[in-house]
Each structure stands twice: as structure tokens, then as C-alpha cells.
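2 protein chains.
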Amino acid sequence: MGQFERETAIERVGENHFRGELFEGWRIGAVPNGGYVLAIAGRALRAALPHKDPLTVSAFYLTPTVLGPIDCQVELLGGGRGTSFAEVRMRQEGQLKVKVTAAYTDLDKLSGENWSVVERPHFPAWEDCESPPQKGIEFRERVELRLVSGVQTFSERKPDGSGEFRGWVRHSDGGVPDVISLLMFADAFPPPIFTVFGPVGWVPTVELTVQVRAHPAPGPLQARLLTRHLTRGVAEEDGEYWDSTGQLVAISRQTAKVRIAKN
Amino acid sequence: MGQFERETAIERVGENHFRGELFEGWRIGAVPNGGYVLAIAGRALRAALPHKDPLTVSAFYLTPTVLGPIDCQVELLGGGRGTSFAEVRMRQEGQLKVKVTAAYTDLDKLSGENWSVVERPHFPAWEDCESPPQKGIEFRERVELRLVSGVQTFSERKPDGSGEFRGWVRHSDGGVPDVISLLMFADAFPPPIFTVFGPVGWVPTVELTVQVRAHPAPGPLQARLLTRHLTRGVAEEDGEYWDSTGQLVAISRQTAKVRIAKN
Numbered sequence: 090m091g092q093f094e095r096e097t098a099i100e101r102v103g104e105n106h107f108r109g110e111l112f113e114g115w116r117i118g119a120v121p122n123g124g125y126v127l128a129i130a131g132r133a134l135r136a137a138l139p140h141k142d143p144l145t146v147s148a149f150y151l152t153p154t155v156l157g158p159i160d161c162q163v164e165l166l167g168g169g170r171g172t173s174f175a176e177v178r179m180r181q182e183g184q185l186k187v188k189v190t191a192a193y194t195d196l197d198k199l200s201g202e203n204w205s206v207v208e209r210p211h212f213p214a215w216e217d218c219e220s221p222p223q224k225g226i227e228f229r230e231r232v233e234l235r236l237v238s239g240v241q242t243f244s245e246r247k248p249d250g251s252g253e254f255r256g257w258v259r260h261s262d263g264g265v266p267d268v269i270s271l272l273m274f275a276d277a278f279p280p281p282i283f284t285v286f287g288p289v290g291w292v293p294t295v296e297l298t299v300q301v302r303a304h305p306a307p308g309p310l311q312a313r314l315l316t317r318h319l320t321r322g323v324a325e326e327d328g329e330y331w332d333s334t335g336q337l338v339a340i341s342r343q344t345a346k347v348r349i350a351k352n
Numbered sequence: 090m091g092q093f094e095r096e097t098a099i100e101r102v103g104e105n106h107f108r109g110e111l112f113e114g115w116r117i118g119a120v121p122n123g124g125y126v127l128a129i130a131g132r133a134l135r136a137a138l139p140h141k142d143p144l145t146v147s148a149f150y151l152t153p154t155v156l157g158p159i160d161c162q163v164e165l166l167g168g169g170r171g172t173s174f175a176e177v178r179m180r181q182e183g184q185l186k187v188k189v190t191a192a193y194t195d196l197d198k199l200s201g202e203n204w205s206v207v208e209r210p211h212f213p214a215w216e217d218c219e220s221p222p223q224k225g226i227e228f229r230e231r232v233e234l235r236l237v238s239g240v241q242t243f244s245e246r247k248p249d250g251s252g253e254f255r256g257w258v259r260h261s262d263g264g265v266p267d268v269i270s271l272l273m274f275a276d277a278f279p280p281p282i283f284t285v286f287g288p289v290g291w292v293p294t295v296e297l298t299v300q301v302r303a304h305p306a307p308g309p310l311q312a313r314l315l316t317r318h319l320t321r322g323v324a325e326e327d328g329e330y331w332d333s334t335g336q337l338v339a340i341s342r343q344t345a346k347v348r349i350a351k352n
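Protein chains in written order, with our numbering: chain V, 90 to 352; chain Z, 90 to 352.
Possibly wrong hints are sitting among the right ones.
Capping the alpha-carbon separation at 27 angstroms, the derived lysine-lysine pairs in BS3-like fashion look like this [as the list claims (entries may be wrong)]:
hint, chain 1, residue 1, chain 2, residue 2
1, V, LYS141, V, LYS198
2, V, LYS198, Z, LYS346
3, Z, LYS141, V, LYS346
Here are some chain Z residues the structure puts well away from chain V; computed CB gaps all over 12 angstroms [to be verified]:
hint, residue
4, GLU104
5, GLU113
6, ALA119
7, GLY201
8, PRO222
9, ALA303
Hints listed in this document are in silico derivations from the structure and should not be mistaken for laboratory results. Every residue, glycine too, gets a C-beta built ideally from N, C-alpha and C.
Kindly generate the complete structure, drawing on both the sequences and the hints.
Set out below in C-alpha cells:
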């Protein structure tokens, strides 16, 4: 069992009621990464629902989580043959911290047309890309990043002004990415707005939605993260994720508040 | 009072409990438009929350709605000085139909940086653009569309293969778009995948998330709707909306199932 699987494991404590734990190693500053927390909700949903794979999952982050136990109360909301719906309320010491709503399906049973206007971008190999020097980011102990674009944002404090990071991402223990890990990887890049203003300030997530499209093949994921519009301190962050075979496995969008630190 | 305001009005029937009604005029086929339904939830949220404007709103469509009364039970989920959170359960005859989660704020009090990598695209004027011939779409009685690109999809059955519609949209009675109407306009274009496969089949929304950025100025909204990835019958639809002054007022993303009708 890989580190991610171990540290997102849940225990059933009642009907549709689960307990997880937020472990060290996944924090950015003092706060566990929102994608990591969402992955624990993803495990609870998988345990409670007749369908086993996230199709679309939306999380609202009401107040920051802390290390330690987290209570996951799942409520089934109905559904049909192909899709089922549920919500998860994630609480710590009785306080609602994160509210998740999801549609689950069996991804391997999806049938329908395929089409894409965007092909997987061509990246240099994992081995030829650089890790951004992000000192003191505990999360980087668990999730390894290799940037193809935007690395100068960190290495030379030279933002390229693009609003975009491109790069590879993987479990740092080399673990195979499962479909639940996509919920975590969807929040694993630095905020792309750092490529405009530099790696300064605090960019808390208000809401994160992940659409999962396929089970990823083993190997690092290739990703592109982009902010197009920052409006009076509110930005979206859009992500696209391809597996090592070139298959699109997920897309993500979050609403974030951008708090630039003034020097 | 404009038609939209009248037909999304709610009545308080208890603490944080409201009743709306789904009117004729807003259906696509037999089913009321999902954005129209979401706007009614938006009114209930506005009535229940201390903050008055949607910041980000996410709806899961569990089962189709029908014309007639709709019950909106709001639950407050907490929040802080700048943002408050709530959910709405929308029921008809006791059955949960739509589940909405939202973060509300006061948009005029937002402060922070502005930046954009995408400018408002240059469109010909409203008067110089064509309405797509979408016969029998009742929704077009309420929401008028003028397409800048993709109109041949309908007029000549010649999809341009782009995955994109560009165009103007407005209340057909000329009503001023308010911030709640953005929730409806976010689901007002035909599915952009029609530009690839033609205007055939059924594209039900699983989940729709709208980020609102500003109060729109009077006049038609300018929009771009794009599908980038259709994966075994699942597509995202991304929208950007600018008001008549060129200000970005909202972005949207939905998860839709694409059911192409075979001829």
C-alpha cells in the first residue's frame, strides 16, 4: 500500500459514516492541502455509493482543517443506473469544515463519443524537468512536481506573466495514481497566478470541482494549470491532467481568493 | 419588473424555507432549463444569507424538474466577514430534484488585484448577428441569442468543428440582467459540442458551477462557450460572459452527458 492510500484510508463507524485522519506531510503552511482532504471524502463516497468512481466532485472549503481525525458523514441523494449522487459533510471536533457533493459512476462502463480540441501538450521527459525550489512546503514531501514552464517564478523570482504552469506530478513514493488520487492531484500545483505576481501571498480555495474522465495508467501525470481571469482578488484555476499514455484523466476548476503580500 | 424577475420570484414559507415556481417559457423539450432553476435557488440564497451576491454556486441535477411549484430549503453552513456558505435543496412533490451549494459575498466590496490573459473578444454588434433557427425551443421565448460563430450548425446543418459558440444573449423582453440572471445565462447557449456533431441528441447537465465576478451593466451579454474534451460521452462546457461595458461578469463550467442521436 502506498503512502497516499494509507494516509487517505477511512474506517466505517456507522451506516454511511466514516472516519479519516489528516496526516502530517500534506500541509501547505499550517493547513492540509484541499485536494488531499477531498481525496478522503472521495474514499468515503466510494465506500457508500453503488458506483465506484468520481465523475464530478465539488467541494466548498468553509474553514481550514487541522491535523487529526476527520469525520465524514455521507448522505445518499439518489441516482440512476449509470450515476449516483451523494454529499459528504467533513467535520473536525463537531465543526463543519468541508462540504462535498458528488456524482459517481463506473468510468469503465461509460460509452459515447470521444473528441478533443486540445491534444496532450508535448513535454520534455520527467527526468529532464526541474523541481521548483519551494522551501518549507511540507506538501512537496508527498507530491513531487517537475515544472516544464514557470519554474523561473521560483528559481529566479522571474514570473513569466503567463498565468500558467505546465509540468509533471506524481506521488513522491512512486505509488501508482488511482482514480481517487486525481482529486488530490487537482490541487497539487502552486497557484498559476504566481506566474504573474511571483510566489507571494496566500491563495485559499473557496471551491474546487474535479471532473474525472478515466482511470490513470501508472506513471507521472502531465498537467497544465491556468488562471485566465483575476477579478478584484478572485481567480479561477483550471487544470487538465493526462496520464503517461496520453489519455485525458481529469479536468479541474477552483475558485480561489488571491491575497498578494505587499512588500 | 421584468419577466425573468417575475418568473424566478420566491415566497418565504418558513425560516430559510422558500417556494418558487417553474413557469412555462423556460423549457428545452419538456424540461425547464437548468440555469433557470438555478436562478430560483440563487434568489432563495440571497434571501437567506447575510451576503447578497453569488461568488460561486454549484448545482447537481439529480432528476429532471417539471413545471409548477418548487420547494427551496436553505441551510446556512457558516462563513466569515466576506463570504458566507449555504446549500439549497430543491424539491418537487417531496422529491429532491436539484442540490445547490454556494458561497455568497458582496461583489462591490471585493478588493484585490485585477488581471486577465483573455480580453473580451471583438464581436459584431447585436443587430448585425443572427439568431440560430432553433425550432420548437420554448426557452428561446425568454432568452434571445445572437450567434457570432457556429450559426451554420443550425442554419445549414454545417458544424464548424470548433467546439465553440460565440454570441450575444439577453432577456427577450429587454430586461436588465441582474447578478442572479447570470446563473441562468450560464446555461443559455446550445451545447457547444453541437458544433462538432450537429444539433442532434440530448445533452443533460450533471453539474453546473458558476463563478460570478461582477454586477452586469445593462445590455446584452457577450459570451463564449467551449467544449475542449468529450470523453466517452462526457463533456465539460466552459463559458465566459462579459457585459456591455467589456467587464467580465461570470465564468461557468458544467459537466454534461452527450447523447448523440444516431440517424
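Results of checking the hints against the structure:
1. LYS141/V / LYS198/V: Answer holds: LYS141/V to LYS198/V is near 11 angstroms, not above 27 angstroms.
2. LYS198/V / LYS346/Z: Since the Cα atoms of LYS198/V and LYS346/Z sit roughly 13 angstroms apart, the hinted pair holds (cutoff 27 angstroms).
3. LYS141/Z / LYS346/V: holds, 18 angstroms
4. GLU104: Non-interface label on GLU104/Z holds, nearest chain V Cβ at 19 angstroms vs cutoff 12 angstroms.
5. GLU113: Its Cβ never comes within 12 angstroms of chain V, the nearest being 26 angstroms, so this holds.
6. ALA119: For ALA119/Z, whose nearest Cβ neighbour in chain V is about 17 angstroms away, the distance exceeds 12 angstroms, so it holds.
7. GLY201: At roughly 2 angstroms from the nearest Cβ of chain V, GLY201/Z sits no farther out than 12 angstroms, so the non-interface label is violated.
8. PRO222: For PRO222/Z, whose nearest Cβ neighbour in chain V is about 24 angstroms away, the distance exceeds 12 angstroms, so it holds.
9. ALA303: violated, 7 angstroms
Consistency with the previously given hints fails for numbers 7 and 9, ordered from lowest to highest.
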